[in-house]
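Enquirer: Spelled out from the first residue to the last, the chains are:
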Amino acid sequence: MKAAAFAYERPTDLSATLALMARANGTAKLIAGGQSLGPMLNLRLVEPDLIIDISGLSELKWADRRGDELVIGACVTHGDIEDGRIPDVTRGAMQRVAGAIAYRAVRNRGTIGGSLSHADPAADWVSALSALRAQVALRSAAGARDLPVERFVTGALESALRPGEIVEAVRVPAMAASARWGYVKACRKIGEFAHAIAAVLIDPEQATARVVIGAVEAAPIVLADAAALFGGRITGDFERQFDARVADAILTKAGLANAADRHIHVAVLRRAIGEAASA
Amino acid sequence: MTMIGLTVNARPVEASVEPRTHLADFLRDNLDLTGTHLGCEHGVCGACTLLIDGMPARSCITYAVACDGAKVTTIEGLDDDEITAELRAAFTREHALQCGYCTPGMLISARDLVLRLAEPDERSVRAGLSGNLCRCTGYVGIVRAVRAVIEQRRRRGIAPVAGGGRQTLGPVGSGNATNSAQPDGARGTTAKPEAPQPMSGASAIPDFTPAKTFGETFTVPYPPDKVFDMLGDVRQVAACLPGASLTDMPTPERVEGAIRVKLGPISADFRGAARIERDVDTLSGRIVGIGSDQRSRSSTQGEIRYRLVPSEQGAATRVELSIGYSLKGMLAQIARDGLVRDLAARLTADFARNLDRHLSGDQTAVITEGRQELNGMTMLIDILRKRVSTAIRRFLAR
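From first to last, the protein sequence lines are chains A and B.
Residue 145 in the working numbering sits at position 145 of the first sequence, with consecutive numbering throughout.
Counting the second sequence from 1 gives a position; the working numbering is that position plus 1000.
Where hints are given, some of them may not hold.
To be verified - Lysine to aspartate or glutamate pairs mimicking EDC-like chemistry, simulated, CA-CA at most 20 Å apart:
1. A:Lys29 to B:Glu1018
2. B:Lys1071 to B:Glu1082
3. A:Lys2 to B:Asp1029
4. A:Lys189 to B:Glu1122
5. B:Lys1212 to A:Asp261
6. A:Lys2 to B:Asp1032
7. A:Lys29 to A:Asp13
8. B:Lys1226 to B:Asp1356
9. A:Lys253 to B:Glu1320
Hints are computed from structural coordinates only; laboratory data are not their basis.
In this text the structure is predicted, and so the values were computed from the model without any measurement.
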């Protein structure tokens, strides 16, 4: 339960960080709050030669509303979002997600960018930000690019990050006034990793529904147009139109062979839809 | 070793620490502040919870070097704290502790709730204490004590403090350092893997009943007999498996080798041996292997059964795999079946793509990461093992 030895660098700005990463030979790991990497280091599942601490970089610790979106620096913590220390464009949705991540002592150090980079399928932001149509802003010494969150997470603990690349910020579009949000997860104990996650963003006025089924031990299932779950058309009556058999078929097709697992995912999805309907 | 300066319980402290030393070890071993307890040491039990820059944090998964310049308050520093004094009295009254091991962390989390919660409602208090495990009390007395203190303070007109009073963004404890870390003396540490020990070549590979099994299939556009021949060529098969290498092939039925499996930040090198069985009549085969990863002191047994089924009037072949494994050691404690499956699916896809290229005669395009010499179904097995290892349980995915 003690980490193996590693060298430690704390660069003072982002360009120094990127230069350091470009120089490192592949056994370097970035650390922000360390709430996922710390346990792995302590258990010696990960033994990097070099740890680069980015938690002090002020370039990654800010948030600002820009036009129709909120830009959140990668090192903003779950606690910062929970406590409302940054602006909100999701009518409280992100605040509620943040407040239910792990435990308060973890939220005070764990960061939004770190959680995405870690890409644990059971982590909250992976699913919630996919449902919110968020983008990640990536940067490396070679340049910058943006990716939708659902294309950033490519598998269990696997992301689209290239060597030498870092998550710089997350960009969250403003939620429409007519949109309904629901987010539900199943945990055996509060704060534990979820066994099922459902995030839904339904807009009866626009007749659109975006549904994410997460904690499936792989990249989340993102249904950009989830009309099929509601009889083919999104109306104000979407809660009653929800067809659990379609959801079950989608999960089966995605490779969830265990009927009990599918049942839990469908039940959680039904609750998230119910939450959206009563929002 | 790296020089850091901290303020611990209002006292300035300077020390040289190894980067790998977590804050709790630093406080306990260097400063004799043993009130901070260690339970799980991976962020789950909450015993090590203390205040960093006035906010609760886990000191077992926060490294001391990362707190350079921060203000740390341990349970010893809260003797004269008003809220903590009220909580101590309430804990005593309500029998909120028995062995006391969780109590320092519990008091830190309780203090945070007393500070922030507007109402002493039971659900919020229980949810707020969910990150601190107590194995003695059943929590009833603890919850009662915390609710009582919140209730009394609100009745006395003391308002809750939103967000615990924090004003700045980012991980608590970060951003206080005045300069970049200065390693003093020789650069830290190069922990690197010991030379791997070869498996004994003579060891028998036993049959076993896998603890977990799952299936994978893929289709290649070549007739079954051609695919079956190809799968019989261990070297070629190995070449199709990313991360795999063969070290020896004493008989056509036995191969020895290694496979490196990577899952996110975790990588494992499984070394071992496999036994190959083939049945040309049914176009099926079986590979049984054993291997171990030194670093994680984990061992695995794996089995891959394959069956070739003609499709498209025999012009193509569907390869049906049944993959089974058992895992022992540290990795087993954290392995999640689903992660193994996800990894297996990706490796199978890579393998199928490479196999297709090989069969088409395109020798240049085979994707591999790193070494590969000969390998075959062993590779598959190895892959298995790797996956297994990779099946690292989701650590705190925070």
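Enquirer: Would you mind marking each hint as holding or not holding in the structure?
Expert: Cross-check of the supplied hints:
1. For the suggested pair Lys29 (chain A) and Glu1018 (chain B), the alpha carbons sit about 17 Å apart, so the restraint of at most 20 Å is met.
2. Pair hint Lys1071 (chain B) plus Glu1082 (chain B) holds up; C-alpha atoms about 19 Å apart against a cutoff of 20 Å.
3. Simply put, Lys2 (chain A) and Asp1029 (chain B) have alpha-carbon atoms about 14 Å apart, close enough for the 20 Å limit, and the pair holds.
4. Note on Lys189 (chain A) and Glu1122 (chain B): the hinted pairing holds, with a Cα-Cα distance of about 16 Å set against a maximum of 20 Å.
5. At most 20 Å may separate the alpha-carbon atoms for a hinted pair to count; Lys1212 (chain B) and Asp261 (chain A) meet this at roughly 16 Å.
6. At most 20 Å may separate the alpha-carbon atoms for a hinted pair to count; Lys2 (chain A) and Asp1032 (chain B) meet this at roughly 18 Å.
7. Straight-line distance between C-alpha atoms of Lys29 (chain A) and Asp13 (chain A) comes to about 16 Å, which keeps the hinted pair within the 20 Å bound.
8. Proximity of Lys1226 (chain B) to Asp1356 (chain B) is assessed by CA-CA distance (about 11 Å); at most 20 Å being required, the pair is judged to hold.
9. Under the criterion of a C-alpha separation no larger than 20 Å, the hint pairing Lys253 (chain A) with Glu1320 (chain B) is consistent with the structure, at around 17 Å.
This entry satisfies every hint, going by the numbered hints stated previously.
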